[in-house]
Every structure is written in C-alpha cells, then in structure tokens.
Amino acid sequence: MLRACRRLFVTLLLILFFAPITHASDKAAQDSEGAPIDVVGKVVDHHELAVPGAYIPLPRIMLVDGEWFFYGSTESAASSDSFAMQNGTLVPAGDAQITLDMSITSHLMYVWFGLILTVWLTISMARRYKKGVGRKTEPQGWFQNLFEIVFIFVRDDIAKTNIPDNKYTKFVPYLFTVFVGITFMNLFGLLPWGATATADITVTAVLAAFTFVITQWNGSKDHWEHVFWFPGVPGWMRIILTPIEIIGLFTKPFALAVRLFANMLSGKIMIICILGLIFIFADLFGNIAGVGMSLFAVPLTVALYVLKAFVGILQAYIFTLLSAVFIGMAAEEHGHEEEVGAHA
Amino acid sequence: MGLLAAGIGAGIVAVGAGIGIGMIGKSSVESIARQPEASDDIRGAMILTAALIEGVALIGAIVCILLALGIGGG
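Those protein sequence lines, which keep their order, are chains A and B. Residue numbers for the first sequence follow our numbering, beginning at 57 and rising by one. Residue numbers for the second sequence follow our numbering, beginning at 29 and rising by one.
Don't take every hint at face value.
[Claimed, not checked] Derived pair list, reagent style SDA-like, types lysine to any residue, alpha-carbon separation capped at 20 angstroms:
| # | chain 1 | residue 1 | chain 2 | residue 2 |
| --- | --- | --- | --- | --- |
| 1 | A | 216 | B | 73 |
| 2 | A | 216 | B | 42 |
| 3 | A | 324 | B | 77 |
| 4 | A | 98 | B | 64 |
| 5 | A | 216 | B | 93 |
| 6 | A | 216 | B | 67 |
| 7 | A | 98 | B | 94 |
| 8 | A | 324 | B | 97 |
| 9 | A | 324 | B | 38 |
| 10 | A | 186 | A | 196 |
| 11 | A | 216 | B | 75 |
| 12 | A | 98 | B | 98 |
| 13 | A | 324 | B | 87 |
| 14 | A | 324 | B | 42 |
| 15 | A | 216 | B | 70 |
| 16 | A | 216 | B | 77 |
| 17 | A | 98 | B | 96 |
| 18 | A | 216 | B | 72 |
| 19 | A | 223 | A | 390 |
| 20 | A | 98 | B | 90 |
| 21 | A | 216 | B | 69 |
| 22 | A | 324 | B | 94 |
| 23 | A | 98 | B | 51 |
| 24 | A | 324 | B | 90 |
| 25 | A | 216 | B | 71 |
| 26 | A | 216 | B | 74 |
| 27 | A | 324 | B | 96 |
| 28 | A | 216 | B | 76 |
| 29 | A | 324 | B | 91 |
| 30 | A | 324 | B | 88 |
Since the hints were made in silico from the structure, they are not lab data.
Just chain A, with the same shape it has in the complex (with noise of 0.2 angstroms):
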C-alpha cells in the first residue's frame, strides 16, 4: 500500500515536471515577454502611492531647460502639451531634456513617514521628561519604557563607548534619530502596500552624507593631520599615504550607503522571488503545480518575513554604530605621549 502510493507519487511528480516543459517552451516562444512576476518594479521608486485598493498620484516638479513645471499627477503632466509618455516614462515634448527631476515618489513619501514618526515619537516624550515623568518619578507606561530602552542604549552602548568621552553628549541626538529613523523606513516596508524607503541608493547615500558632513565637521586636529600628513612614517610613504587617506575618508561613507541599501534590497527582493515561485511555476506547470508551490514557498516567506524585521533593526544600529565609530575617530584626539610610540 505504501509502496503503490510511493509510486503514484514519484510518477505524479514526474508527470509534473516533464509534460507541461515542453508546453510551456512553445508558450514562452510564444509572447517572448511572458515574464509572470516583475522583481524589479516591485522594488524600483514609483511615482504613485499604493494604498489598499487604489493608486494615490503623487506630484510630478520638473525643471526643463530654466523653467519650472508643476503638475498633480503624471497622467495631467502627460497629457499636458510639454510632456509626453514614452515607454512608461515621462519625456519633455521637442528634444529638451529634463534639468532637474524633484517629484515627489512613493520612496520620499515613506522617508517623510519615517520621518514624522520618528519627529513625533521624541517630541512627545520629550514633552513627558519635560513635566517630570520619568525625572521624578518612573517612567509610566510601557511606551516610555521601551523609549527609555532605546535611548539608553543608543546613549550607552553606542554613542558613549566609540566617542571620545568629553563630546559624545552632542551626537547622541543624531545617532539616535538615525537609528529611530531607519529603524522606522525598514520596517514600513513589511507592511502591506508599503515600500522599503532604504532599498533605494538615494536615500541612504544621503543619510551617509549627513555622518559624512558631521564626522568631517567635527574632526580633530589629529584627524586631519591624519589625513594630510601621517605622523611617524618617512617622508616619501607620505605621497602615497595621502591619497589613500583622501580616498579612505570618502570610501567610509560609501560603504555606510550601500550596506544598508544591498541589505534592503537584497531581503525585498529574495521575498518577492520566493513568492513569485508560485506563480512561476503556475505559468509554467499549470495551476495545480502553483498551489503546490504555495505550500512550500509561503511558510519559507514568513520566515522570511520575520527574519528581515530582525535584518531591519539589525542594519539600523549598524548604520548608526558605524556612524558613531567613523565620528569617534574623527573626533579623538591623541595624546602627545603616544604620538610617536602608536604610530611608529
């Protein structure tokens, strides 16, 4: 009985992955762009919001040419006389091109959301901590102790223990709305609808502008003597430690943009793949193989799922660890008794 049920099977399956191949090369000869799931306009910027059930036009703001061009949609800037649509893009009328693109996208959009959360998460509890709860007395609620939570350890463990001990109280603003902030764009995208803001290189190469200009504004003297000038080697090893240095500070910065985006992008993209198995395989072996899929491929992507909420907080406190590190060597000053021995 076992064993006639073993055969049926092992022949069910053969069935399934050989007879509907040959079906599904002639489909695939057939319509050449019969790609059944689109991975990358799922993860690429939009210029609508998704909401449940519709598609919210966000504002296009072209400069062309020294003029400005303000439109509600892009279907009003399309079938306006100085537009026009071109494979899916929005291309000025003539052969102008477009200067300066500002429109506002869906990724801006959910940068903005993570933004006002974050601006009123910490301006509502610093209303608490102003009238005394938490000064006083305990903090009240389960809400400002987990805020308590964060704060102490972006505080302690992040900023006090790689910033000299004298400075680090003025960057902890920054480190911990960076982390909040993150924290906040990653996770929107696990929500339905939602999108990854940090799956886009733009956005975290200018969160990494800002602990570029921060950590270069704040750099000690010894930071850039560093730089310029490499204390304790000879003077020829100088013409090649400059550049490497010169490259080195930019290099930091770079790799802080484009871990947090890879990671991002990487989860978003394994997680539609792995779901677009099913309809692969639809497309390829017939209905019943995707429901099949559906059984192995839904259980692995809420595992998935749970492992990019960790990824998410997990990138976030890199980014910001990383940023509170490349301040703190910016920032040190050595002393003179160490100069020559460390460096030697």
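Mind docking chain B on chain A? Use the hints.
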C-alpha cells in the same frame, strides 16, 4: 555573458564573505568560551567586523545584480 559573469561573481562573493564571517564567528566563539564575562564586548566587536566584511561583500553582490539585470551597459 553578463548572466554568467554575475553567477560566477555572486559565487565568489559568497565564498569570500563566508570565509571572512566564518573566521570572525570562530574566533569570537572561542574567545567567549575562554572568557565568558567579556562576551558583551566581544559580541559588539564581532557585529562591527562582520558588518565591515558584509559591506564589501554586498558591493560585490550589487555589481552582480547590475550585471544580471543588464544595467550599466552590460
């Protein structure tokens, strides 16, 4: 050709990152076993170095994605 390069490149990136993070994990577990009271400091240093390696690996992975999607003239 771009797809082949992307596949081989992604494999090499995974090998490199795997060796690097594996060595970090090995040595940090060893040092935690040797000195359990220092495990918090060791964990922090472990995450930091793993993040640095991960950054390089992900730059490679992004190049492979760009190759596979044929973006950037590939």
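Any hints from earlier that this structure breaks? Give me their numbers in increasing order, please.
-> 2, 3, 4, 5, 23
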